[in-house]
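Enquirer: Next come the chains, spelled out residue by residue.
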Amino acid sequence: MKVPDNLLFSLFIEQDARIKKELSEKTLDVSTGRRLRALSDEPTATYNVIELKKEIAQLSQHSQNRLFADTNLTYADFTLGKMWDTLKGLYATTHRAKNSATITPDQVSALAEQFDKGLGQLLDRANDKLGQNYLFGGSSLTVKPFDPSTLDYTASFQDFEVWVSENSKVSVFLRGNRVFGSNLYISNVSYASPTTNFTPPGAITLQVGSNTYTINYGGAGEPQNTQELAQYINDNFGDELHAFVSQNPDGSYSLALSTVELSASVQFDIITGELSMGFENPNILQVVERVKEKLQGGFYPDDFDLFSLNRAGELVSLRRSEVGSVLSTVKNLQTTQENLDVFLKKQKSDLEDADLSESIMEYTRYRIAYEALMRMVADQKDLTILRYL
Amino acid sequence: MFGGTFGIVSQGLEIVRKSIDIRNRNILNANNPDYAQEDPVIKTFVPYGISLETIERVKSLHYVQQRNTQLSLVSSLDERIKNNTRVEDLFQEFTQGLGGLEYLNSFFTSYQDLMKDPTNEGARAKLVQSANSLVGYLKDRKKNLDTISQSIDYSMRQYVDKVNSITKKLAKLNQEILVTYAQTYARGQDYKNILDERDRLLREISDYINIKVQEDDIGRVKVETSKGFVLVEDKFSWEIAYDGANKRVLWKSKDGSQVDISGEISGGRLKGGLDTIADLQDYQNRLDQLAKKLISEVKLPARTGITEYYYWTLNYANSTDLLGISGTITLNGSSSVIITYSSTNTLTNLATAINSAGVGFSAEVVANPDGTYTLRITSSDPSYTITDSNGMVGGRVFEGVGISDINVAGNISTQLSNLDYSRADEFNQFSRLWWDNSKNIYQGLTNAIAGNLNSYKKQYDIENAMLGSLNAKLQEMQGVSIDKEFMEVFQLQRSYQALAKVVSAMDELIRTTLNMV
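Protein sequence lines correspond, in order, to chains A and B. Quick note: the first sequence uses the numbering used here, first residue 695, plus one each step. Quick note: the second sequence uses the numbering used here, first residue 434, plus one each step.
Be aware that a few hints might be false.
Okay, derived cross-link-like pairs now, EDC-like style, lysine to aspartate or glutamate, Cα gap no bigger than 20 Å in a straight line [claimed, not checked]:
#1 Lys863(A) with Asp869(B)
#2 Lys838(A) with Glu554(B)
#3 Lys602(B) with Asp467(B)
#4 Lys891(B) with Glu708(A)
#5 Lys891(B) with Glu716(A)
#6 Lys890(B) with Asp1073(A)
#7 Lys715(A) with Asp511(B)
#8 Lys715(A) with Asp894(B)
#9 Lys891(B) with Asp710(A)
#10 Lys891(B) with Glu719(A)
#11 Lys890(B) with Asp710(A)
#12 Lys1042(A) with Glu535(B)
#13 Lys1042(A) with Asp869(B)
#14 Lys1039(A) with Asp522(B)
#15 Lys575(B) with Asp715(B)
#16 Lys890(B) with Glu736(A)
#17 Lys605(B) with Glu648(B)
#18 Lys891(B) with Asp841(A)
#19 Lys515(B) with Asp735(A)
#20 Lys1040(A) with Glu535(B)
Among the chain B residues that face chain A by a calculated CB cut under 8 Å, a handful are [said to hold, decoys possible]:
#21 Asn464
#22 Phe524
#23 Glu526
#24 Thr542
#25 Asp546
#26 Pro551
#27 Thr552
#28 Asn851
#29 Tyr854
#30 Ala857
#31 Asn870
#32 Lys872
#33 Ile882
#34 Leu886
#35 Gly901
#36 Asn904
If you anchor each label on the Cβ, the simulated ranges turn out as follows [stated by the list, open to error]:
#37 Ile758(B) with Lys863(A): 14 to 24 Å
#38 Asn577(B) with Ser1019(A): 47 to 57 Å
#39 Thr763(B) with Ser1019(A): 30 to 40 Å
#40 Ser970(A) with Glu832(B): 51 to 61 Å
Treat the hints as calculated values from the structure; they're not laboratory data. Ideal Cβ placement from N, Cα and C applies to all residues, glycine included.
Put together the whole structure using the sequences plus the hints.
Expert: This is how it looks when you write it as structure tokens:
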């Protein structure tokens, strides 16, 4: 077989181009540190890298949301802690005043002043903002939660939630009606005296949890006035309900109810008779205001005032523990997210980045191959038969 | 007697000299890939002497055609790779911050950032900025793809010109072959150079378009496209043209009519160009799909302040599809109305209910740019509010009908200043689906580019190796080995010396004979 010179040259050019291409690839691997530089280098890896980039971006967003939730909930926790302190202080003062043998009108007035300041602090805290958003305004965010004059809740009735992972979201701006809602109920009807008789008689049908109770009053053999009714409720439904006769800021008396269970609430189904005007359900701020107004009117605090202040403190504490529980979950998520981030980035790096030692080895291999090719061609050209003529 | 011998010797010397010339020509063309080696065929006629019977041109048209067909395939792939590489360069997904996915991710993280903290002015500004960047990116890529498409048109015109110029030359060569053939007989000339030139042109045209070649007895060729459209026959040539507007190659008949032969071209750079145009169309369609998806899907929770238009958040494949969710829409217009809908209602039912309410809102079922359907609601007064219990009312972030006119919605500022915060987490959840959908389309685009180019490169490597092997085979057959040629020259030289010695021997013989007389 003859070997034309041109064939030898073509073979050399072909091999030269192939090895040069490999050499240049490896040089780029080593100099850029990247194994993948263009989409077509490895389509499967390209697909995976794009998938991972999106997952990393989504995870980063969830981490930011988690941090946002962490910041907000930490502040909510702090705020609720401060409110609990204030409520405890007011309760302690009231308790001391109530237990003291004598309390002068001046002392009552000073106590009222303390309640006024305490209420102001509580209102400030309840209407506190973090950035542009009210901490306890729920999803309305920019609506002030509590009206400073009526103390009624005016913002959203749903929490503002953010997604902190693929499948879970947490409330970061809580709805104030729940956080500061109470399970204290005061009848809208009031009497000049706790012993004023009910006319006409009636019945209260209410639910506590899953239990429904009917309490008859004003009829024969039934409680005839608020004092007797309170006693009757405590005697017969004491496992579920606390009942009080409480003096109102205007000096009249109302029936006051509350649940024994801290987290339970009362739902009034049907009320007939004199109490058919129903029950007011004050929020914690309104509970404090009621006591303040009583003190300002020169009235002494009663058992319900003490109970309601204590219950308000306990409820705030309960909400705080709920926030703390969510906060703990959010904080725990940090480690998971950080680990996942490291894992995803490593996966991406494994796909994209060059293994430098391997690349350098291959680079050296191709260099040797290239030199060998040059040598082979030179030797081949030297093999001419003409040398031997 | 001596006169006859001298005649034979001088004839021998002449033939050997001619043979040495042929060998020299071989050696001179050793590096010419289109050169076919020549072998002088010398015959001995004892006792009359020797003759140069023919000059054999070592060539096989079968191999040449096979090589040329392979060359067409390789050139077609090379053209496709060249153009697709330019497309690939536009999508730098492995360079941090430059990939299209970065723009998508940046937009959707901005969106989720805003849904996390919707009152934050910075987050609002960032959303608008990232939406504009995303639109800019999509439009830039569209423009880049258009530029590549235009440059392919330019290349196609150049290739067509080349083909036309080569076919003209081949027709002229056919004529020259006929003339030179006649002269060869008359004057003993050979026309090998013309055949070499013909082969070179056939190789060259195969780079642009794949052809079928038929050779007649004297070496003239008939050239056709693979599906039988004649390009060269005898001394005539047919032209082709490129129609850039419709992206097709036309064959011009002698009667003035033009035939679209785009589908008949199966190789060469023209085929590569046409294939890349199809690839580009696919890429542009995918970009368009992405733009349409963004326009159709991405919405902000809005409840008031918008005169045109509020949209139902979910899209449906058909206008008659069931809603799949139950809830209420509260319209606070000239008066307040609550519309209750169930999962078995349709968009049309909702539109009818809103229109019947007559409180300043009108609604109609409209087709989205991506082909899905949704409900479009118009409020006659921007102060009216509309809320849905499932967060199903929003405003579009992008407007337009596709990649050609996509833009950030003109009323984006109004939407941002009237965001319905209470639906932020629902929209955050929706955005994850939109993000996935957009990512999938973009991923489809990058997959298409990566997969196409990778497979073309692999195919190219295989086919190019085959071409190399065919070239090697051809060179083995027709190429020149200098070693072999030197050996032949060496032999011829010895023959020449031997013949020359016969002359001096005869001279000596004559001299001796004369001295003897």
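Enquirer: Can you list which hints this structure breaks, lowest number first?
Expert: 6, 14, 18, 28, 31
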